[in-house]
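Participant: Chain residues, written in single-letter form:
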Amino acid sequence: MASITEGGAAEAEKPAKHKGPLIYRQSIFTRVTHWVWAICLFFLLLSGLNIFDAHPTLYIGQQSSFADLQTGDQHLDNAWLDIGAVNTDNGPRGQTTILGHSFDTTGIGLGVSGDPANPDFRGFPASATIPSYYDLATARVIHFFFAWILVATLLVWLVASVFNRHIAGIPPTPRDLKHLPRDILNHLRLRFEHGRQYNVLQKLAYSAVFFILFPLIILTGITMSPGVNTVAPWLLDVFGGRQTARSIHFLTMSAFVLFFIIHIIMVVLAGPFNELRQMITGRYRAGADVPFDPSKGDKP
Amino acid sequence: MSGKLLLNRRRLLGLGAASASTLLLAGCDQFDDFVGQGDNSVRGYLEKANDLTYRVQRLLQGPNALAREYTDADIRQGMRPNGSTDPQGDDYLTLKANKFADYKLKITGLVNKELSFSLADLKSMTSRTQITRHDCVEGWSCIAKWTGPQLGPILDQAGIKAEAKYCLYHCYDTMDGGLSGQVPYYETSDLLDAHHPQTILAYGMNGGDLPVANGAPIRVRIERALGYKQPKYVHTIELVSGFAEVGGGKGGYWEDNGYDWYGGI
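Protein chains in written order, with the numbering used here: chain A, 6 to 305; chain B, 544 to 808.
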């Protein structure tokens, strides 16, 4: 961790001789909502994994298949993901089954985790959930609290971003897309533009988050609510059933985790000091190619 | 000078990031003390979100928004039993031995006239049959067909007093009550849910009699809520103005164990 930070810092120091202007890039609305979301998504993810542990199986369709408790017969099988445990000669092992293929996942704590002498039999381990112990009731309290905060903050951001035109800078323009191959190459060479606007890969990533992932995870979340189903039954049709909605909710969560990992890596590679300053003070050190323009509030 | 300062800031940021990741790797038990069950001000604050959910959903729903009803083709398997599946109380076993011929459903509490119905009485009433999806709080769902009279007209027959605010459903089955040993299952609903057109006293399931594993002889179906709000083995429906004095005071067995009272999400 420390060595990566130093590497990124050294990278950022190089152009210090002819550095660009210090531009005002992020409004107070963008900055505050960003950190509120970071907190919300942290609690939503970890309480969500605790909720998942209550029934660590995902299905396609309206309902969940199960074997008859008395006869063991199974008339329907629509599960596509299952995290469970099996007994072997070497004791209990965690087993994750995806689309009929089973993997031993004891090593990463899926299915069986904790002290081998007294293992926890649960989907995700204590280190990945809030509360650390399995407590569906409490996890639901935490999950719904932060879900409300997330939605309220998104609304604030949406209104503010329409007014201050921040949102207009997120979807890539056709001109941006023409630069896509060049931008990909630059990223692969770890050469990053520090312009006034986001680069096209940033625009694509943030567009995916704001226009696909956030709507998807909120809508699939409320599709699981029987109360919401009476108000908006069409949501069940849009997502292909309550259990499919639960699956999409899980997959969208996975996409958020992937985004988070890339996001952090990019912050570190692109200069963590400059990037963090941007999200705290709003000021961002642009590249040397960006002309100094005091009319835009630039500082030297 | 400023370079030194920058380096220090950078080091600080690096330290911050390193300690944040250590915090994560150490597990998330540092939150356990704040959010766990029991008297806990942080949890009490977080729980306010559930009141908000209840109010917003009731506002949007109005009294009669219906849960989706499915077709016979959607019944792909038996109804999955959960919770109590075979109550062992003497009173229940006696009734079961006689195929519930001596069963009585009582309407009591804040009503103008207390009423009592045998299973035959309930079966002779106008019934409603609905194929609905049962959603467990754990996350699974199962579609089944339920048959029985609507609860609303039965309550109207008894005459609900103005001070009544909730239906309190008393059940024959018992659950683990921790230090209290076995405690009776109970549930409460608001009067909107009690009068909802799909709220029925189900005596039939998937075309046959309601099996014991699914709540025989009577299970209340409250279709806008999760499974724990749909009490099985119901023997008395009591109209009450509040439920603070009942059980653990939270309005239901699972509510006393930390689950939200509304149960619509």
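A hint or two may mislead.
Computed footprint of chain A on chain B; a stretch qualifies when at least three of its residues, placed anywhere within it, have a C-beta under 8 Å from a C-beta of chain A [claimed, not checked]:
| no. | region |
| --- | --- |
| 1 | 590–598 |
| 2 | 610–619 |
| 3 | 667–679 |
| 4 | 761–770 |
Here are some of the chain B residues that sit facing chain A, going by a computed Cβ distance under 8 Å [unchecked claim]:
| no. | residue |
| --- | --- |
| 5 | Met-622 |
| 6 | Arg-623 |
| 7 | Pro-624 |
Take a look, some chain A residues computed to stay more than 10 Å from chain B by CB distance [to be verified]:
| no. | residue |
| --- | --- |
| 8 | Gln-31 |
| 9 | Arg-36 |
| 10 | Leu-81 |
| 11 | Asp-94 |
| 12 | Pro-97 |
| 13 | Thr-110 |
| 14 | Pro-136 |
| 15 | Asp-140 |
| 16 | Arg-145 |
| 17 | Val-146 |
| 18 | Leu-159 |
| 19 | Lys-304 |
No lab work stands behind these hints, which were simulated from the structure alone. Computed from a predicted model, the values in this text were never measured in an experiment. Here a beta-carbon is modelled for each residue, glycine too, at the ideal position from N, C-alpha and C.
Participant: If a hint holds in the structure, say so; if it doesn't, say that too.
Facilitator: Hint check results:
With 6 residues having a beta carbon nearer than 8 Å to a beta carbon of chain A, the region 590–598 of chain B meets the requirement of three or more and the stated coverage holds. Beta-carbon proximity to chain A at under 8 Å applies to 5 residues in the region 610–619 of chain B; the threshold of 3 is reached and the given coverage holds. Check result for the region 667–679 of chain B against chain A: holds, 3 residues qualifying (beta carbon to beta carbon below 8 Å, three or more required). For the region 761–770 of chain B, the assignment as covered by chain A holds, since 4 residues bring a beta-carbon within under 8 Å of that chain's beta-carbons and 3 suffice.
The closest approach between the C-beta of Met-622 (chain B) and any C-beta of chain A is roughly 10 Å, which is over the 8 Å cut-off, so the hint fails. Look at Arg-623 (chain B): its Cβ gets to within about 5 Å of chain A, closer than 8 Å, so that hint holds up. Residue-level restraint check for Pro-624 (chain B) holds (minimum Cβ-Cβ distance to chain A is 6 Å; threshold 8 Å). In this structure Gln-31 (chain A) is separated from chain B by more than 10 Å, as the shortest Cβ-Cβ distance comes to about 17 Å.
No Cβ of chain B comes within 10 Å of the Cβ of Arg-36 (chain A); the nearest lies about 16 Å off, and the non-interface call holds. The Cβ of Leu-81 (chain A) does not lie farther than 10 Å from every Cβ of chain B; its closest approach is about 4 Å, which violates its non-interface assignment. For Asp-94 (chain A), the condition that its CB be more than 10 Å from all CB atoms of chain B holds, with the nearest at approximately 30 Å. At the 10 Å boundary, the C-beta of Pro-97 (chain A) stays outside the reach of chain B, the nearest C-beta of that chain being 21 Å off.
No beta-carbon of chain B comes within 10 Å of the beta-carbon of Thr-110 (chain A); the shortest separation is about 18 Å. Its closest Cβ contact with chain B, about 5 Å, brings Pro-136 (chain A) to no more than 10 Å, contrary to its assignment away from the interface. The Cβ of Asp-140 (chain A) does not lie farther than 10 Å from every Cβ of chain B; its closest approach is about 7 Å, which violates its non-interface assignment. Not every beta carbon of chain B lies more than 10 Å from that of Arg-145 (chain A), the smallest distance being close to 7 Å; the non-interface claim is violated.
Non-interface status of Val-146 (chain A) relative to chain B is broken: a Cβ of that chain comes within 10 Å, the nearest being about 5 Å off. Every CB of chain B is more than 10 Å from the CB of Leu-159 (chain A) (nearest about 16 Å), matching its label as outside the interface. Residue placement check: Lys-304 (chain A) keeps its beta carbon more than 10 Å from all beta carbons of chain B (closest about 14 Å).
Going down the numbered hints, you'll see the structure goes against 5, 10, 14, 15, 16 and 17, while the others check out.
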